[in-house]
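Q: Given chain G's structure and the hints, the job is docking chain H with the ligand onto it.
Here the protein sequences come in this chain order: G and H.
For the first sequence, counting from 1, position 94 maps to 94 in this note's numbering; every step adds exactly one.
For the second sequence, counting from 1, position 61 maps to 61 in this note's numbering; every step adds exactly one.
None of these hints come from the bench; they were simulated from the model.
Keep in mind that this is a model prediction, so the values were computed, not measured.
Treat the hints loosely; a few may be bogus.
Said to hold, decoys possible - Over 12 angstroms on every C-beta distance to chain H, these chain G residues come out as not near it, computed from the model:
id, residue
1, ALA21
2, THR25
3, ASP106
4, HIS133
5, LYS164
6, ARG390
7, GLN396
8, ALA442
What the hints assert, rightly or not - To give an idea of the chain H side of the interface with chain G (calculated C-beta under 7 angstroms), a few residues:
id, residue
9, ALA14
10, HIS27
11, THR34
12, LEU38
13, PRO85
14, VAL108
15, LEU150
16, SER189
17, SER192
18, ILE197
19, GLN198
20, HIS206
We put the beta carbon where it would ideally sit given N, CA and C, even for glycine.
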Amino acid sequence: MSQHTVTLYPSRQFKDNARSALGDTELRHSLRTAMDFLMAKRLSAFPDENELETLRTLGETIRQRCLAKLPTLLEQLEAKLTANGIQVHWAETPAEANQIIQGLIDRRNGKLAVKGKSMVSEETELNHHLEAHGVTAVESDMGEYIVQMAGEKPTHIIMPAIHKTKAQIAKLFSENIPDTPYTEDVDELIQIGRKALRHLYMKADVGISGVNFAVAETGTLCLVENEGNGRMCTTVPDMHIAITGIEKVVEKLSDVVPLYSLLTRSAIGQPITTYFNMISSPRKEGELDGPREVHLVLLDNGRSQAYADTQLRKTLQCIRCGACMNHCPVYTRIGGHAYGTTYPGPIGEIISPHLLGLENTSDLPTASSLCGACGEVCPVRIPIPEMLMRLREESQRPANEHVAHPLRGQGAGRTGKESIAWRVWKGVVGKASHYKLFGWTASHLRALTPVNQPGWTQNHVPMKPAAKTLHQLIKEREAKRS
Amino acid sequence: MSARDNILGKLKAAPVTPVIEPDTAAHFARFASTASKLELLKHWAAAMRSVKTEIIWVTESNWADKLAARVTATNLPDLLVSDTPHGTKARAALANSDVTVKVFDRPVDEWKESLFNDVSASLTRCLCGIAQTGTLVLWPDSKEPRTMSLVPPVHFVLFDTQTLYPNFFTAMDAQQWSAGMPTNAVLVSGPSKTADIQLTLAYGAHGPREVIVLACLPEGVNPTLLEDAA
Ligand code: SF4
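In isolation and in its complexed conformation, chain G is listed as follows:
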């Protein structure tokens, strides 16, 4: 059987994508408004700064404890889930995960799957794979439903259709859903979506979902949502397949309390979501509803590479709240599609190199001004700017240099010109006499500075050395004082 191959080579187009996104005024307006709104909402959800900081530290410590014990917790989770009747599957690659899921659906001769929100299934491009094998997978989260109908990918991990205006959605619905008049009334649009999807929950052979936290202690899959589509997908069809990354396991049930609070408040400024859905087994003997089969697919896809390095391991603390993108000046200007990856924004910049290799993502760690906003708001205190610098270093490290935990695509960001520039720079600043000579020459020959400076002058005025070096100025000042 043919296999859908995941072909994501984002970085090669990142700069072009970013440039064209910057020119799209409608998009920029939508994003700016939305991000301002989400930032204000988050702020209002944490009125007590002390409580926020204490909770962040608690969240960070919990995630680090869970990661420190990751292999043991995964085994414990598997044992608990299995004892509860939930079947556990392991996949190293997106292709393996897709094949497992397709196999499970095929076994039941399933043709229709309804899907709750799952970024991991976006990562594996599950829908395409299923489609290619005769299974229709319908996204049921309103935002995902809209994005799928438009033939696009989500532009934000929490708000998939944040880039779309209601006029665009009205047009999309009226053109794609039978007997649907054009309306820009948001309530009406939601009711149209509700009606179209309720029909499908009833008929679907299988429900597919993501997982926000997988609890090893009790063997419980926790799902966070507002819409109820996640509950529909995990309750109504006779089979439920959940897919998640191996890092999502937490040790204790009580661990989810602070993490859940951090997640909803950081993501959308809500004290809590409408639903917190905890699933611990398939339908038991005597129960009247719920799926008879529940499966969990655990996906690695490069996460173990991040895990191997104690600094980069912190990337896996992420609870996917999206706050880092809401606060990112780069994301706010270019939106999620420009990154070309499943996870955009700061979290995408630090996780994608592990999922796709630096050879496909070497531009992403540089898509940041290192302003530090992401690290400041991250509810589990991931030092994102530090991770970005480290990844920049790895993408510049010569491919043949031996290190303890080489990253896939090490050195992929190196270009001849850049390495020469760094070598020259090293020569200049490495020795006092060289630096002095360089300063003298630059200030004396400043009139010869080229007006056209590639990489700089398309957006800035040309750089020109000062008439006197800083050393000279200080010397003169000291002389005056004495």
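A: Frame of chain G; chain H with the ligand shown alone:
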């Protein structure tokens, strides 16, 4: 080697980092509310109402009549109840009305379409409430199945206000959830909603459009006491 062995092998080969044990209980104790039971209940009600939940104050002796009155007042044609004592009580209260009372007494597979198409409201009870976030904890079982609180557009919840906990942690801790979880448990804070279209909040996404809580007060507690600040 299986995928499982490969993944676990890689993780086990990675450097070991120290484990720092956080004190979750201490955190929640430190930031615990010092409010009285009555204040907590007011806070709970205000939080639930802020997400479009209707609250009807009732007592053990009058809740079924108040339910019947609310169902008939809005002309709901039918109500789905469970085969439980409270289901039976609700059924009795509606016996002389035009409302069709349906009982969830057979596997959903036998009547899925009808559950989706022909049921307009349901009644379930809940395990407890959470004051801080304005939340009810549903704990479905073989008598009161999961879809009852999910599929019908209007959901009535019978809530014993004596089971209100200050926050999620205290509820989970006091009731020792970690000792064993049911097939499914759900925290519910209002009717389903979404802000996926231009961040405009709309209720009635996929789950119930309306959540109406029959909040049962101990006999003798005057509901007006709860209303002044709520
Ligand atoms: S990195 Fe931090 S802020 Fe960004 S999505 Fe993950 S948890 Fe949220």
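Q: Please go over all the hints and tell whether each is borne out by the structure.
A: Verification of the supplied hints:
1. Interface exclusion of ALA21(G) from chain H stands, the closest Cβ pair being 19 angstroms apart, more than 12 angstroms.
2. THR25(G), annotated as away from the interface, keeps every beta carbon of chain H farther than 12 angstroms; the closest lies near 17 angstroms.
3. For ASP106(G), the non-interface assignment is confirmed: its Cβ lies about 19 angstroms from the closest Cβ of chain H, beyond the 12 angstroms cut-off.
4. Distance check on HIS133(G): its Cβ is at least 20 angstroms (rounded) from any Cβ of chain H, clearing the 12 angstroms threshold; non-interface status holds.
5. Listed as outside the interface, LYS164(G) is inconsistent with that label: its C-beta sits roughly 8 angstroms from the nearest C-beta of chain H, within the 12 angstroms cut-off.
6. Separation of ARG390(G) from chain H is adequate, the least Cβ-Cβ distance of about 16 angstroms exceeding the 12 angstroms criterion.
7. With a cut of 12 angstroms on Cβ distances, GLN396(G) stays outside the contact zone with chain H, its closest approach being about 24 angstroms.
8. Against the 12 angstroms criterion, ALA442(G) stays outside the reach of chain H, whose nearest CB is about 45 angstroms from its own CB.
9. Using the Cβ-Cβ criterion of 7 angstroms, the hint placing ALA14(H) at the interface with chain G is satisfied: the shortest such distance is roughly 5 angstroms.
10. Here the hint on HIS27(H) is kept, as its CB sits about 5 angstroms from the closest CB of chain G, short of 7 angstroms.
11. Look at THR34(H): its Cβ only gets to about 14 angstroms from chain G, farther than 7 angstroms, so that hint breaks.
12. The restraint placing LEU38(H) at the interface with chain G is violated, with a minimum CB-CB distance near 21 angstroms, outside the 7 angstroms limit.
13. Interface hint at PRO85(H): violated, since its Cβ lies 18 angstroms from the closest Cβ of chain G, which is beyond the 7 angstroms cut-off.
14. The restraint placing VAL108(H) at the interface with chain G holds, with a minimum CB-CB distance near 4 angstroms, inside the 7 angstroms limit.
15. For LEU150(H), the interface hint holds, since its Cβ comes within 7 angstroms of a Cβ in chain G; the closest pair sits about 5 angstroms apart.
16. Checking SER189(H) against chain G: minimum C-beta separation of about 5 angstroms stays under 7 angstroms; hint holds.
17. Given the 7 angstroms rule on beta carbons, the hint for SER192(H) holds: about 4 angstroms separates it from the nearest Cβ of chain G.
18. For ILE197(H), the interface hint holds, since its Cβ comes within 7 angstroms of a Cβ in chain G; the closest pair sits about 5 angstroms apart.
19. With 7 angstroms as the threshold, the beta carbon of GLN198(H) comes within range of chain G, its nearest partner Cβ sitting at about 5 angstroms, so the hint holds.
20. About 4 angstroms separates the beta-carbon of HIS206(H) from the nearest beta-carbon of chain G, less than 7 angstroms, and the hint is met.
Violation of the numbered hints given earlier is confined to hints 5, 11, 12 and 13; the remaining hints are satisfied by the structure.
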